[in-house]
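> Protein chains in written order, with this note's numbering: chain A, 229 to 513; chain B, 284 to 626; chain C, 22 to 349.
Source of the hints: derived by calculation from the structure; they are not laboratory data. Given the structure is predicted, the values throughout are model-derived calculations rather than measurements. Misleading hints may appear alongside valid ones.
Stated by the list, open to error - Chain C residues, not near chain B, derived (Cβ > 12 Å throughout):
{"id": "1", "residue": "60"}
{"id": "2", "residue": "119"}
{"id": "3", "residue": "130"}
{"id": "4", "residue": "189"}
{"id": "5", "residue": "218"}
{"id": "6", "residue": "221"}
{"id": "7", "residue": "241"}
{"id": "8", "residue": "304"}
As the list claims (entries may be wrong) - In silico lysine-lysine, DSSO-like type, Cα no more than 27 Å apart, as pairs:
{"id": "9", "chain 1": "B", "residue 1": "567", "chain 2": "C", "residue 2": "265"}
{"id": "10", "chain 1": "C", "residue 1": "114", "chain 2": "C", "residue 2": "92"}
{"id": "11", "chain 1": "A", "residue 1": "397", "chain 2": "B", "residue 2": "354"}
{"id": "12", "chain 1": "C", "residue 1": "176", "chain 2": "C", "residue 2": "29"}
{"id": "13", "chain 1": "C", "residue 1": "114", "chain 2": "B", "residue 2": "570"}
Beta carbons: idealized from backbone N, C-alpha and C, even for Gly.
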Amino acid sequence: MEIRNLTKTLRILIENRRAFIGLLIIFSFVFMALVGPLLMPLELDPRFDRVYAPPSLEHPLGCDYIGLDIFTQIVWGAKDVLVIILLAGSITVFIGASVGLIAGYFGGFVDLLLSTLVDIVLTIPGLPLVIVLAGLIQTRDPFSIGLILSANAWAWLARGIRSQVFSIKERDFIEASRAMGIGKLRIVFNDILPILMPYVGINFLFAVIQSLYASVALFFIGVLPFSTVHWGTMLNIAMQVSGAIFVPYARHYVIAPIIFIVLLQVGLILFSYGIEDIFNPRLKT
Amino acid sequence: MPAINGAIYDLGQDYLLETKGLTIKFEARSSTLLGKAATFSAVENCNFGVRGGEVVSLVGESGCGKTTLGKAMIGLIRPTYGTVLYGGKGIWGLKGRDYYEFRRNAQIIHQDPYSSLHPIKRVYEIVSSGMRYYKLCSSEGEIRDKVSELLNLVGLNPPEYFMNKYPHQLSGGQRQRVAIARAISLNPKFVVADEIVTMIDVSLKIGVLNLLLDLRKRLGSSFLFITHDFGVARYFAEGGRTAVMYLGSMAEIGKTEELINEPLHPYTKALLSAVPITDPVLAKKRKMLELRKIDPPNPVNPPPGCKFSDRCPFAMEGKCDKSAPELIEAKPEHLVACYLYAS
Amino acid sequence: MSELGSFKNVYDIEGLTIEYEVGRSSLRAVNDVSLGIRDGEALGIVGESGSGKTTLALSLLNLVPPPGRVKSGKVVFDGQIDILSLSGEELRKFRWKQTAMVFQGALNSFNPVLRVGDQILETMTEHGLGDRQKGMEKASDLLRLVRLDPERTMKAFPHELSGGMKQRALIATSLLLDPKVLILDEPTTALDVISQKYILNILSDLRRKLGITIVLLTHDLAICTEVVDRIAVMYAGRMVEIAKTQDLFLRPKHPYSMGLIRATPSVFGDVKELKPIAGSPPDMFNPPQGCPFNPRCPFASQVCTSKVPNLEMISEGRLVACHKWGDI
């Protein structure tokens with residue numbers, strides 16, 4: 229039954245053209261991240277004879293301020309970018325959904341406690357919070373970076389989920405589960421969560437998209453230490469360290485990472501159009 | 284109107300599920316933004332019980348509290364005052380094994396087949412959820428067999444075909460059968476059927492009712508059949524009892540045939556005289572019991588004393604508008620809450 | 022086949038077929054229906070979900086919503102006006118002035134933030150009932166006719182009125198322009214039994230006092246014993262039987278009518294005689310061949326699965342669409 233499900237899911241996606249294109253773009257990036265580094269070794273020694281070399285057949289995106297191939301760096305950076313944003317999205321959704329579900333279904337004192345926490349987090353402005361946290365917790369561990377990035381985002385999801393749980397828990401089929409004596413936690417995760425999956429799925433994607441911006445920003449302004457070929461780092465170097473932005477013929481060094489960031493964003497956004505379809509049982513039949 | 288204290292009528296007899304002085308109040312919000320929240324009693328001081336293996340129809344107009352009463356009896360709604368007893372023990376005090384035993388034995392079938400089944404689960408999962416939770420079967424294969432058996436019992440044949448369906452692929456009548464299968468999956472002693480044929484086509488109603496009656500014979504469960512349709516109530520509880528509710532209070536309880544042929548409470552009389560019947564000759568001859576007021580009062584603002592007193596053609600001034608009458612045994616096994624029968 | 026009658030018909034429906042186009046398939050909601058509605062009568066149109074009765078009623082006002090389309094047939098009012106060819110201004114003048122309709126679930130169509138009186142006023146203005154004073158007087162008269170207190174009702178907000186009261190107010194409103202015909206679609210479905218009885222009595226009263234023609238749509242055959250003189254039974258978009266009330270109940274000639282009567286539980290009569298109708302409602306996207314009722318019919322034979330029976334007059338005022346009516 230499970231394999232049949234997968235092919236049905238793929239078929240649904242194919243029918244939604246925007247989502248399908250988005251998916252293709254995302255897969256290309258994943259492919260690039262996984263396979264790329266195996267095909268293109270990363271050079272580390274500067275080649276001063278190639279500083280700011282313009283795009284050519286040998287170097288499709290040109291070379292950077294110390295003559296290293298830009299495209300190779302992009303390929304090597306893809307993995308870090310993807311891992312961080314996927315982790316950030318997952319953590320956001322995990323915390324946000326759990327808090328929202330439990331606050332919404334259990335109500336009473338539990339709800340009061342959790343909602344107060346959510347409200348407090350929401351009053352703190354998002355990006356500044358992330359920047360401050362990143363500055364304080366100087367880390368290179370992608371998981372920790374993911375945690376930092378989700379610091380504020382989970383609260384919005386918790387709010388949204390909580391209010392949806394309020395209305396779902398009044399529905400008859402939930403009452404039937406209660407009549408059977410099925411435990412609260414089981415009802416929450418077995419009955420209610422599946423209905424909210426489209427909402428959670430969309431929010432996951434949005435969290436991923438948002439953390440792409442945020443992570444690039446963090447690396448760009450140099451708050452997080454860079455030892456990776458993260459695209460944000462590349463932008464940092466391009467703009468601030470090497471001053472490439474002031475050099476007209478070095479513009480390709482600045483533009484390259486931007487193009488790929490935007491491209492990934494577009495892929496994610498297009499794919500988000502298909503999330504609702506995937507979780508709609510009517511389309512599975 | 285304050286609940287009557289002290290004189291709680293003891294229904295005697297061995298009841299499987301019983302309510303004593305049950306009162307449930309809700310907050311009614313006014314529809315306008317600045318309206319004050321008023322409380323109204325959905326159920327007021329109800330003494331009622333259902334015996335093992337019995338069928339009881341609970342009849343009343345929408346808003347009379349019958350659904351609230353039914354749900355309170357199986358512990359889905361908390362009483363404001365009064366108690367609900369299962370086998371003599373208060374259900375809200377049950378713990379551990381006793382609690383689970385009660386839970387397994389008190390089930391509900393809802394009115395709306397379009398909202399009573401989980402929209403994104405297959406019939407197989409829906410029907411087996413209870414069995415799984417209580418770990419009643421030792422293997423997936425056993426669960427499958429049991430689900431097949433249940434689907435067979437409720438007339439969804441072949442079971443293999445229906446097991447994999449999602450609710451939206453089934454008709455209203457079929458969904459209702461799935462809901463029935465789920466309710467009996469734990470072999471409960473008591474089932475509340477809340478207006479279960481109201482949203483089903485006329486031509487199919489009797490079929491579903493017959494199914495339920497057949498299941499009752501097989502399982503020996505009690506059924507509390509809630510409905511606003513007297514004809515359906517009679518069909519289901521023929522041989523059992525019928526209870527009539529008005530604005531949250533129990534008006535009359537008695538053996539079905541007796542209650543219909545010799546109604547005691549003026550409200551019951553009015554209802555029976557107004558119910559449409561399929562005999563045009565008889566229909567023309569009948570006269571409806573004229574009430575002093577056509578329309579029921581606002582449930583938030585019932586009349587003082589007996590709730591029916593402002594519409595009742597037999598209301599006695601000074602008595603009926605002073606305090607609400609208690610349920611008394613006017614005839615053997617025939618209870619009525621009306622001063623006309625108080626000695 | 023047209024209905025013959027020596028009475029004047031306020032509506033003549035001939036060979037009406039209406040289809041709904043959904044995606045690539047189409048659904049025939051009304052299939053070759055012919056019916057004459059007599060002036061001053063109370064006609065009940067009985068059918069369950071999918072029978073087509075609502076669509077048929079909407080066609081009397083040319084109100085069939087897209088994607089529904091009239092494929093063939095005519096609807097003629099008063100022997101003169103072809104309803105389906107009316108449009109724009111003429112249609113506006115016809116609707117509510119000659120024929121009015123109280124829709125299913127209209128109870129919920131009240132605006133919760135306006136008083137009932139204001140909403141009645143709104144309706145009047147929209148239909149060009151100019152003089153406010155006269156209009157309100159008329160509304161009060163009509164409210165009294167439906168046994169509502171005009172002052173209390175006009176001042177009230179919808180949530181302050183019970184379901185029965187709202188329905189009666191709606192009936193009164195629909196009579197503001199003195200229509201000849203009043204169509205009611207399931208007027209008592211959401212109401213309690215006592216309110217229902219009062220409304221049926223009031224409809225009888227209105228008929229007597231105002232001489233209007235009443236068309237009552239319902240799935241509940243039993244309420245037709247109250248106010249209705251004639252009953253037209255529909256199944257899967259087709260008219261299957263038309264007869265006087267008494268005749269239909271005492272001697273039904275179509276297996277579906279018979280099945281319906283036997284399947285309706287009642288507080289009187291022998292409980293043992295009740296039987297459900299076998300099978301399930303037809304799939305309107307793929308209706309059965311021949312007579313649409315044949316899969317569920319205990320009398321069905323070979324001819325029933327291939328040939329659609331025509332609506333034929335078998336005696337004065339009685340029409341049946343069944344190959345086997347003689348055997349029943």
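> Once the closest CB in chain B is found, is it more than 12 Å from residue 119 of chain C?
Consistent with the label, residue 119 of chain C stays out of reach of chain B, its closest Cβ about 30 Å off (over 12 Å).
> Given the hinted pair residue 114 of chain C and residue 92 of chain C, is their Cα-Cα distance within 27 Å?
holds (25 Å)
> Does the alpha-carbon distance linking residue 176 of chain C and residue 29 of chain C stay inside the 27 Å limit?
violated (41 Å)
> Test the statement that residue 241 of chain C is away from the interface with chain B: the closest C-beta pair must be farther apart than 12 Å.
Check fails; 7 Å does not lie beyond 12 Å.
> Check the non-interface label on residue 130 of chain C: least C-beta distance to chain B beyond 12 Å or not.
holds (15 Å)
> Does residue 354 of chain B sit within 27 Å of residue 397 of chain A, going by the straight-line distance between their CA atoms?
Holds, at roughly 16 Å.
> Do the alpha carbons of residue 114 of chain C and residue 570 of chain B lie within 27 Å of each other, as the hint requires?
Measuring from Cα to Cα gives roughly 41 Å; hence the hint is violated.
> Can we trust that residue 189 of chain C is non-interface, i.e. its beta-carbon lies farther than 12 Å from all of chain B?
The claim breaks: residue 189 of chain C does not keep its Cβ more than 12 Å from every Cβ of chain B (closest is about 9 Å).
> With the threshold set at 27 Å, check whether the alpha-carbon distance from residue 567 of chain B to residue 265 of chain C stays at or below it.
The given pair, whose Cα atoms are some 14 Å apart, holds under the 27 Å limit.
> Since residue 218 of chain C was said not to touch the interface, does its Cβ keep a gap of more than 12 Å from each Cβ of chain B?
violated (4 Å)
> So is residue 221 of chain C really clear of chain B, every C-beta pair being over 12 Å apart?
Label violated. Min Cβ-Cβ 8 Å, cutoff 12 Å.
> Was residue 304 of chain C rightly flagged as not at the interface, with every chain B Cβ beyond 12 Å?
Violated, because the least Cβ-Cβ distance between residue 304 of chain C and chain B comes to about 9 Å, which does not exceed 12 Å.
Checked against the numbered hints listed earlier, the structure breaks hints 4, 5, 6, 7, 8, 12 and 13; every other hint is satisfied.
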